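Chemist: In order, the protein sequence lines correspond to chains A and B. Using the working numbering, the first residue of the first sequence is number 1, and each one after it goes up by one. Using the working numbering, the first residue of the second sequence is number 575, and each one after it goes up by one.
None of these hints come from the bench; they were simulated from the model. Given the structure is predicted, the values throughout are model-derived calculations rather than measurements. Watch out, some of these pointers could steer you wrong.
Said to hold, decoys possible - Below, in silico cross-link-like pairs of lysine-lysine (DSS-like), each with a Cα-Cα straight-line distance of 25 Å or less:
1. A:K333 x B:K649
2. A:K333 x B:K766
3. B:K687 x B:K798
4. A:K316 x B:K687
5. A:K322 x B:K649
6. A:K342 x A:K268
7. A:K268 x A:K333
8. B:K649 x A:K342
9. B:K593 x B:K688
10. A:K520 x A:K541
11. A:K322 x B:K688
12. A:K66 x B:K766
13. A:K469 x A:K483
14. A:K476 x A:K548
15. B:K766 x B:K701
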Amino acid sequence: MTPTPQYETHEHDVLIIGAGGAGLRAAIEALAQGARVAVVCKSLLGKAHTVMAEGGLAAAMCNLDKADGWRPHFRDTMNGGKRLNNWRMAQLHAQEAPGRVNELEQWGALFDRTADGSILQRAFGGHTYRRLCHVGDRTGLEMIRTLQDRGVQLGFDVFMECTVTRLLKDGNRVAGAFAYYRDSGKFVVFKAKAVVIATGGIGKSWRVTSNSWECTGDGMALAYDAGAELLDMEFVQFHPTGMVWPPGVQGILVTEAVRGEGGILRNKNGERFMEKYDPKRMELSTRDVVARSIYTEVKEGRGSPHGGAFLDISHKPPEYVKRKLPSMYHQFKELADVDITKGPMEVGPTCHYVMGGIRVDAESTQASLPGLFAAGEAAGGLHGANRLGGNSLSDLLVFGRRAGLAAGQYAKTGTAPSIDAAQIEDAAREALAPFERATGENPYSIHHDLQEVMQNLVGIFRADQDLRKALVELDKLKDRAKKIRVEGTRTFNPGWHLFFDLQSMLTLSEACTHAALARKESRGAHSRLDFPKTEDEWGRKNLVIAKKGGALSLVEVPRGEMPAELQQILAEDK
Amino acid sequence: MADRTATLRVFRGDRESGKPVDYQVPLAPGMVVLDAIHSIQAHQSPDLAVRWNCKAAKCGSCSAEVNGRPRLMCKTRMDSLPLDQPITVFPMKSFPVIKDLVTDVSWNYEVNKKITPFTPRPNVEWKMDQADVDRVQEFRKCIECFLCQNVCHVLREHDKKSEFGGPRFFVRSAGLEMHPLDGANRLGALRKELGIGYCNITKCCTEVCPEEIHITDNAIIPLKERVVDEFYDPLTMIVRKIFGAK
Numbered sequence: 001m002t003p004t005p006q007y008e009t010h011e012h013d014v015l016i017i018g019a020g021g022a023g024l025r026a027a028i029e030a031l032a033q034g035a036r037v038a039v040v041c042k043s044l045l046g047k048a049h050t051v052m053a054e055g056g057l058a059a060a061m062c063n064l065d066k067a068d069g070w071r072p073h074f075r076d077t078m079n080g081g082k083r084l085n086n087w088r089m090a091q092l093h094a095q096e097a098p099g100r101v102n103e104l105e106q107w108g109a110l111f112d113r114t115a116d117g118s119i120l121q122r123a124f125g126g127h128t129y130r131r132l133c134h135v136g137d138r139t140g141l142e143m144i145r146t147l148q149d150r151g152v153q154l155g156f157d158v159f160m161e162c163t164v165t166r167l168l169k170d171g172n173r174v175a176g177a178f179a180y181y182r183d184s185g186k187f188v189v190f191k192a193k194a195v196v197i198a199t200g201g202i203g204k205s206w207r208v209t210s211n212s213w214e215c216t217g218d219g220m221a222l223a224y225d226a227g228a229e230l231l232d233m234e235f236v237q238f239h240p241t242g243m244v245w246p247p248g249v250q251g252i253l254v255t256e257a258v259r260g261e262g263g264i265l266r267n268k269n270g271e272r273f274m275e276k277y278d279p280k281r282m283e284l285s286t287r288d289v290v291a292r293s294i295y296t297e298v299k300e301g302r303g304s305p306h307g308g309a310f311l312d313i314s315h316k317p318p319e320y321v322k323r324k325l326p327s328m329y330h331q332f333k334e335l336a337d338v339d340i341t342k343g344p345m346e347v348g349p350t351c352h353y354v355m356g357g358i359r360v361d362a363e364s365t366q367a368s369l370p371g372l373f374a375a376g377e378a379a380g381g382l383h384g385a386n387r388l389g390g391n392s393l394s395d396l397l398v399f400g401r402r403a404g405l406a407a408g409q410y411a412k413t414g415t416a417p418s419i420d421a422a423q424i425e426d427a428a429r430e431a432l433a434p435f436e437r438a439t440g441e442n443p444y445s446i447h448h449d450l451q452e453v454m455q456n457l458v459g460i461f462r463a464d465q466d467l468r469k470a471l472v473e474l475d476k477l478k479d480r481a482k483k484i485r486v487e488g489t490r491t492f493n494p495g496w497h498l499f500f501d502l503q504s505m506l507t508l509s510e511a512c513t514h515a516a517l518a519r520k521e522s523r524g525a526h527s528r529l530d531f532p533k534t535e536d537e538w539g540r541k542n543l544v545i546a547k548k549g550g551a552l553s554l555v556e557v558p559r560g561e562m563p564a565e566l567q568q569i570l571a572e573d574k
Numbered sequence: 575m576a577d578r579t580a581t582l583r584v585f586r587g588d589r590e591s592g593k594p595v596d597y598q599v600p601l602a603p604g605m606v607v608l609d610a611i612h613s614i615q616a617h618q619s620p621d622l623a624v625r626w627n628c629k630a631a632k633c634g635s636c637s638a639e640v641n642g643r644p645r646l647m648c649k650t651r652m653d654s655l656p657l658d659q660p661i662t663v664f665p666m667k668s669f670p671v672i673k674d675l676v677t678d679v680s681w682n683y684e685v686n687k688k689i690t691p692f693t694p695r696p697n698v699e700w701k702m703d704q705a706d707v708d709r710v711q712e713f714r715k716c717i718e719c720f721l722c723q724n725v726c727h728v729l730r731e732h733d734k735k736s737e738f739g740g741p742r743f744f745v746r747s748a749g750l751e752m753h754p755l756d757g758a759n760r761l762g763a764l765r766k767e768l769g770i771g772y773c774n775i776t777k778c779c780t781e782v783c784p785e786e787i788h789i790t791d792n793a794i795i796p797l798k799e800r801v802v803d804e805f806y807d808p809l810t811m812i813v814r815k816i817f818g819a820k
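The task is simple: from the sequences and hints, build the whole structure.
Modeler: What follows is the structure, encoded as C-alpha cells:
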C-alpha cells in the first residue's frame, strides 16, 4: 500500500507555466487585472529559451520604411505561412506588435537606434520591409530581462526550477497543476482559477536542434493529456543555418541576421546557389525554402567539408560585423576556431521551431478546455505552415498579453476550484515509479534513440514509408519508456528529470508524425517527397489532434471563409 | 584525437558532504567541458547534477570552477586545458551547494529586488542616440552567470551577502543610472543597501566576465564617483550641516 504523498499547496488566481517571453508577458498582464499570479518554470528565471533569440522582433513600426504597416506585415506572415495561418491571429499580431514594442521600451529595453533616435529595424527573410527591432544579435536577452524585471517589480510569485507533470482538473475545467521541485524532488500542487501554458516548443526530440533541454513540449503534452486539442503539428521549422562543426556545437543557431545584414550562401564550388532556388529573394527567402536549398546542395554533393553550406559576411568591414553580430563573432571564434570577419562559416539546417501547438481562440487564447489558455510557441495557428523570422518574439508579446488578459478576466468570474485527492495521488505514484524498479533502462539511451528516429524519419523531407516506420519505432520507444529505472535520490537528479521530459517528447513526436503522415501535400515546412505539390484542397483544412479514449485521434477541420477585408489585403500582393 | 580520453575530477555531493570523483571521458574535436559532463551523465552517472540551457554562452547557466578558474563550461574547450592531468570541475564556491555542480543562487534574486527599476522621466520623448545607448548596452549584455559574484572577494572570502550587492548588481544599477531616459536616483541604495563602498576595485569580476563587460572601469568606478559626489562632496556636506538637510 502506497503512503499518502507529501506535497505543499499554493493557491492563485492565475497559474502560468513557463517563464519565457510569452509566460512573463502573460504574467504582467494578469497582474494588471489584479490577479494573484504564480509563474512556474523549469529553469532559473531569465534562462528560458527566449534568451537564445537573436535577430529581432518583427513589428511594422515604419521607422525606416514608411510604406510598411499592419497590412503588409499581415500579408507577409500569411504568405510565409503558405496561407494556412489563422488569419485573425495574423491580423491581431500585425496590428498589435508595434504597441508591444513601445511598451517594452517604456519598461527599459534598449533597442539599437536609427540616426534620428528611433528604434532601428533590419531586413529579414520573407519580410517585404525592414521590420525587425533588434539589439545586435541578442534581442531575446534584452526582451527576457526587461520582462523579468517588470514582473518582479509588479510582484508575481515565481517558482523556479519546478516542473509540472500533470494538469489537475475540476470536472472538465482545468484547475491547477501537479509539479516537483527540481532541487529537492519534493512535490507541489498549484490550485488556480485559470492556467496559461507558455512552455515553448518540442525541438529536443531531434538530434540536430537549436533548442535547449527545456524544449520538450511539456505544455502541449499536459494540455493533450488533459483533453485539449492540438493543431498543425506536422509543421516543424528547420532553421537553415545552424552550426555544423565541431560535433559538440552541431545545431546551435546562427542567426538569420547574418543574412539580414548581407551574408551570402555558397556551396563548395563557390556558387551562390540561392540564385537557383529563389532568384528574387535569394538569401532572404523564407526559412523553409533556404533550409531545403542547403539540404539539397549537400545531398547532391556540393556541400562544405562538414556537410553544410558556406555563409559569408566577411565582405563587410570587421568592425561592422562585430558590432551587428557580436555573439556570432564570439561563438564561432571560441567554439569553432573561425573568425567570421575573415572567412565563411559552415552552416546547415537545424530543428528550430514548431508552428503547430495547442489549438486556441484567436482573441482570448483560450484552449478547447475551460480554464486553459496558451500562448507563444506552445500555441498553434499564427504561423501556419512556416514562421517568418522575427515573428516569434512579437507573437510572445502580442499573445502573451492576450493570454494574461483573458486568464485574469476568467479568474475574476471563476469560483475557487476543488481538486480531488485521487488525481494528486495518481500523479505522485507515476512520478515515483522509476525509483521503485529493481531493473530498467537508462532514460538517456531512450532519448538518444528518439532523436535518431525523428532526425532520420521525420526531418526536412518526409515520405509515407519513413513516417510509418517512425510510428513503429515510437511505439517501441514508448514501451521502453514505461520501464525506465532511475538511479540515485530525488535531490536534483537529471536522470529522473529526463524521465518526465521523455513522456512529453514521445507524446509530441507521435502527434507530429501522425499529422505529417496525414497531410498528403507539401506546404511550407512540411515537404513530402511522395506528394511534392501544394494542393488547394489541403489549404482549406487544418489537422487537429486530441486524445480520445486514451488514444490519439486525428481529424481534418475545415477552415471556413476569410473575411473579405483580409482577402483584399492578400489580393494586393505584388 | 579519436581514441584519446581525458580524466574529469568532478565534485559529487550535497550540502552536507561530498568528494571529487574521477571519470574517463572520450574526447571529440572541439569538445567543451559541458560536453564531457553530458557524456558522464549519459554513460556513467545519470544523476550527476548540472545546470545548463543554451550551450552557446547566452544564458549563463553552466557556471563552475574548472581547474580552479570560474568559467562557463559551455565555453571552455577541452583542448585549451592540460589533458595529461585530471581536469577538476567544482561548483561555484561562493554559493551553497545543492548537489554536485548545482549551487543555490537564490540570494542574487533577492538582491535584485532591492534595485529601483527603470523609471522614465515624466513626458520624455522616446528618442535616444546610439552613442548614449551603446554605453548602457554594454551592461545589458550581462547573462547573469554570477561568475563575478562568485569571484568577488567581498562575497567569496568575507561573505558579506547581507551588506553587499556584488558586481552583477552594480552592473544592473549602472545600466539604469546611465539609461538616457531614466529619472530615478539609486545612489542612496548603492551606498547603503548594496554597500558599494566595500568594493576596492581589484577587478577580479572583470577578469572572469564571459561577456567581457568592463565591470570595474565602466560600471563600478563611475557609480562610486557618483556616490562620492552625492554624499561626500565637502561643499554639499557643509550646506547640509547648516541647513539641516538629510
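Chemist: Output the indices of the hints that this structure fails to meet, ascending.
Modeler: Per hint list: 2, 4, 9, 11, 12, 15 violated.
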